[in-house]
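Given the coordinates of chain W, assemble chain R onto it according to the supplied hints.
There are 2 protein chains.
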Amino acid sequence: MIGNFTYCNPTKLYFGKDALNGLKEELPKYGKNVLLVYGGGSIKRNGIYDRVIALLKECGKEIFEDGGVMPNPTIEKVKEGVERARKAKADLILAVGGGSVCDYAKAVSVSVHCGEDVWEKYFIRFEDVDCEIVPVGCVLTMVGTGSEMNGGSVITNPAQKLKIGHVFGENVYPKFSVLNPEFTYTVPKYQMVSGIYDIMSHILEQYFSGTDDNTSDYLSEGLLRSLIHSAKIAVRDPQNYEARSNIMWTATWALNTLIAKGKSEDWMVHMLGQAVGAHTDATHGMTLAAVSIPYYTYLLPYGTAKFARYAVNVWQVDPAGKTEMEVAREGLRNMEAWMREIGLVMDLTELGATREMLDGLVKSTLIMDGGYKVLDEKEIRAIFEASF
Amino acid sequence: MIGNFTYCNPTKLYFGKDALNGLKEELPKYGKNVLLVYGGGSIKRNGIYDRVIALLKECGKEIFEDGGVMPNPTIEKVKEGVERARKAKADLILAVGGGSVCDYAKAVSVSVHCGEDVWEKYFIRFEDVDCEIVPVGCVLTMVGTGSEMNGGSVITNPAQKLKIGHVFGENVYPKFSVLNPEFTYTVPKYQMVSGIYDIMSHILEQYFSGTDDNTSDYLSEGLLRSLIHSAKIAVRDPQNYEARSNIMWTATWALNTLIAKGKSEDWMVHMLGQAVGAHTDATHGMTLAAVSIPYYTYLLPYGTAKFARYAVNVWQVDPAGKTEMEVAREGLRNMEAWMREIGLVMDLTELGATREMLDGLVKSTLIMDGGYKVLDEKEIRAIFEASF
Chain W
8 MIGNFTYCNP TKLYFGKDAL NGLKEELPKY GKNVLLVYGG GSIKRNGIYD RVIALLKECG
68 KEIFEDGGVM PNPTIEKVKE GVERARKAKA DLILAVGGGS VCDYAKAVSV SVHCGEDVWE
128 KYFIRFEDVD CEIVPVGCVL TMVGTGSEMN GGSVITNPAQ KLKIGHVFGE NVYPKFSVLN
188 PEFTYTVPKY QMVSGIYDIM SHILEQYFSG TDDNTSDYLS EGLLRSLIHS AKIAVRDPQN
248 YEARSNIMWT ATWALNTLIA KGKSEDWMVH MLGQAVGAHT DATHGMTLAA VSIPYYTYLL
308 PYGTAKFARY AVNVWQVDPA GKTEMEVARE GLRNMEAWMR EIGLVMDLTE LGATREMLDG
368 LVKSTLIMDG GYKVLDEKEI RAIFEASF
Chain R
8 MIGNFTYCNP TKLYFGKDAL NGLKEELPKY GKNVLLVYGG GSIKRNGIYD RVIALLKECG
68 KEIFEDGGVM PNPTIEKVKE GVERARKAKA DLILAVGGGS VCDYAKAVSV SVHCGEDVWE
128 KYFIRFEDVD CEIVPVGCVL TMVGTGSEMN GGSVITNPAQ KLKIGHVFGE NVYPKFSVLN
188 PEFTYTVPKY QMVSGIYDIM SHILEQYFSG TDDNTSDYLS EGLLRSLIHS AKIAVRDPQN
248 YEARSNIMWT ATWALNTLIA KGKSEDWMVH MLGQAVGAHT DATHGMTLAA VSIPYYTYLL
308 PYGTAKFARY AVNVWQVDPA GKTEMEVARE GLRNMEAWMR EIGLVMDLTE LGATREMLDG
368 LVKSTLIMDG GYKVLDEKEI RAIFEASF
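Line by line, the protein sequences are chains W and R.
Here the first sequence is numbered in this note's numbering, starting from 8 and rising by one per residue.
Here the second sequence is numbered in this note's numbering, starting from 8 and rising by one per residue.
Isolated chain W (complex conformation):
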C-alpha cells in the first residue's frame, strides 16, 4: 500500500429484512418537504411505493413526486427534477430505486442551488460543488452501482452522445441508505445479472492497477469470491435471501472507495461500456460484460503477473507446471465461462450496436491512464471489433 490517501464514508446503512424501519430514525432529522424520486413505476407494482409513502406520512412529511427516472438518466430529466425540487422547497430527496435513481437524485441534489449550467460545470469541467446541497437518502430496489454509499453520479447527454460520471465529495454521499435484499427479488433476471456484472466490473477496475502489494487487492479478491459464489445461486434461485444479501452487500463495498485505497484504478471497461450505452441506451452492466473479455485479453501481456494472481486467488486455477501467461489465460477462460453461465451478454450486436457505429463508439470513449496499458484509438477500435 503505497501513497497518501484519505478515507471517510459517512453514509449510514440500514441492512436486512427490517431495513425500511430505518426511515423512522432518519426522516425526523430533515424538514417537512420530501422530493420522492423513482423510476418507471415497478415500485408501485411490488408494494414498496406504498410502504414508503406510509412511512413518509407517518413522519408527517409533505410528499412531492418525481417519477419516471430512466435507466440512463438524462441531463434534461435532471433539469426537470431541479425545477420540481425548487418548487417543492425540498428538504430531502428520497431516491427509491436502483443506481440510476440514486445517481439522478445526487445530480439534482447538487444542482438545486447551483446558478450555472450543471452539465458543463459537473460533467464537462468536473468542478467541485460550491453551493448548498439538498440531502439525499436512498431506498435501494436494484443492486449494482454502489451509488447508495458513494458520491458517483452518471448522467447521459443524448444530444452530445456522452454518458459521463462525476464523483462528488462526501457531503453529497447519501446521508442514509436502506438495503433490504428482499426488495430485489422482483428484479427481472436480465437486470439482476447486469447488476451483478456491474459489481464485478467495479471491483476489477480497481484491482487491475498497480504492481505493489496492497491490502485493497486482498479485500477485492474476497469480494469477488463472495460475488461469484452467490451469483450462481441467485440465478438458479432468485429468492435465496442469503445469496441476494451477499450480492447486495458486495455491491456496496465494491464502489464506496475502500478497495481503491492506495490504487491508481483503471476504469477503461467503464469508458468502453459507457460509449456503447451512449450510442444504444443498452443496460449498463451488459455493455461492460460485452467488452470485458476482449479488453482483458488484450491487456494480458501488460499485466500478466496480476492476471495470474487473479486466476489463482479468485478462479482457483492450479498454477503447478504452467507458465504465468498460461495461468492468466486459464483465469480469463474461467471468468468467461462463469459470465456465460449466469447469462451475461457477450456480444455487442445483442445490445443493439452495429459495426457502422465503430467510429462513433471510438470517439465517445474517454481514455484512462490508471491501468496496465494506456490505449490509443486504434486499440480501442480493435477491442470494440473483438466485442462483436
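Do not rely on the hints blindly, as some may be mistaken.
Since the list can't tell identical chains apart, any single copy or any two copies may satisfy a pair.
[As the list claims (entries may be wrong)] Listed below are the simulated DSSO-like cross-link pairs for lysine-lysine, each with C-alpha atoms no more than 30 angstroms apart in a straight line: (1) 196 - 168; (2) 84 - 36; (3) 31 - 182; (4) 24 - 380.
Because the hints were derived from the structure by calculation, they are not lab data.
Below, chain R without anything else, positioned relative to chain W:
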C-alpha cells in the same frame, strides 16, 4: 448474510507518509484547548511529539499535557485524565500513541461530563453515554487494536483484577485518525508482533462464528492473507514501508465493525487473554497468542467445517484426499508455525503467569456465547492449563 444490522463509521482517516498534515485540516474545526494524551514518552525520543506540538502551535492551540498512559490503562488513570480535561476545559482530546492511548482518550472523552462513577456505569453496567462527550482525534504510533476507527475502550481495574472493554457508539469514535506507517518503525519487535497477533485475533473472533454464507467472512479471509504475508516481511525488515502500511491498514479494518456485519462474533480468546492481562499485566497481543492454539484446538469438533474452510482459504491447505477434520488440523498447524516464525509467545509461563493463578484466571474470564461452543469453567481451566 442473515439478520438485520446498521453500519455507520464516520471516522476520517489520513493515511501515508504525509498523513500528519491532516492535523492542519482537522484542528481548526475544534476550540482552542487541546488535551494531549500520550504514553510512556517514546514519542519524545522518536520526534513525533515535537512534530505534533509544532502543528498544534501552528494552529493556535493551547496545549494541556496528559502523558504516562500505561499499556493497560487503569480506571484510576482515567479519573486523573478526567480531572485534567475538566481543568483544561478541553475542546479536543488528541491521543498520540497506540491502542491503549486511544482507548484511554475515549474513556476520558465520555467521562468528563458524566456525573456518575464511570467504572460502574460503562464497564460494569455497560450503559450508553447520555452526556456530552469531548471529541477525540488520534495520531497512531503503534498498530493492532483498531481503536483509531471504532468505539472500543478497554480499561483495567487492578483492585478488582478486571480488564473490561466497552464499545461506545458512533459519536465516541475518533473524529479523525492519522495513520503514518513510518511512525511504527521504531516500535520494538516484541510490541510489533504482539500488535500483529492482536489484529489476527480480532479477525478470527469475528470469523469463527455462524454457519451461513456471509460476505464478511470473505473479507476476513482477504485481510488475514494480507496480514500473514506482510507480517513475515515486517519481522525480517521492520522498515519495509509496504508491509508496514498493509499491516496498519489491516488493523484498522479488522476492528471497525465491517467484518462483523451479519455475524454473531466469538471474542472468547479476548476474554481468556484479558484474564491473563488482569493477573500479569502482560502485553495484550501476547496473552491472546498464548491461549489461541489451545482454544481453537479444543473448538475443532464444534466448528470443523469453518476451520477446514479457514485452512484452505487462508493457509493454502490442499484438501485433496483428506477428511474435513484433517484439513482443519493442518490449518491450525500452519497457523502455529507462522506464529512461532514471527516470534509470538506461545506459553503463559513466559508472560509471568503461574499454575497457582489458575483459579483466579478462570474466575476473571467472562464467558461469551457467540462462538462454536459456550465454554464452562472446567473447559476454561483446561484451555488455560494447555496454554502453559
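query: Which of the numbered hints are not met once you compare them with the structure shown?
result: none
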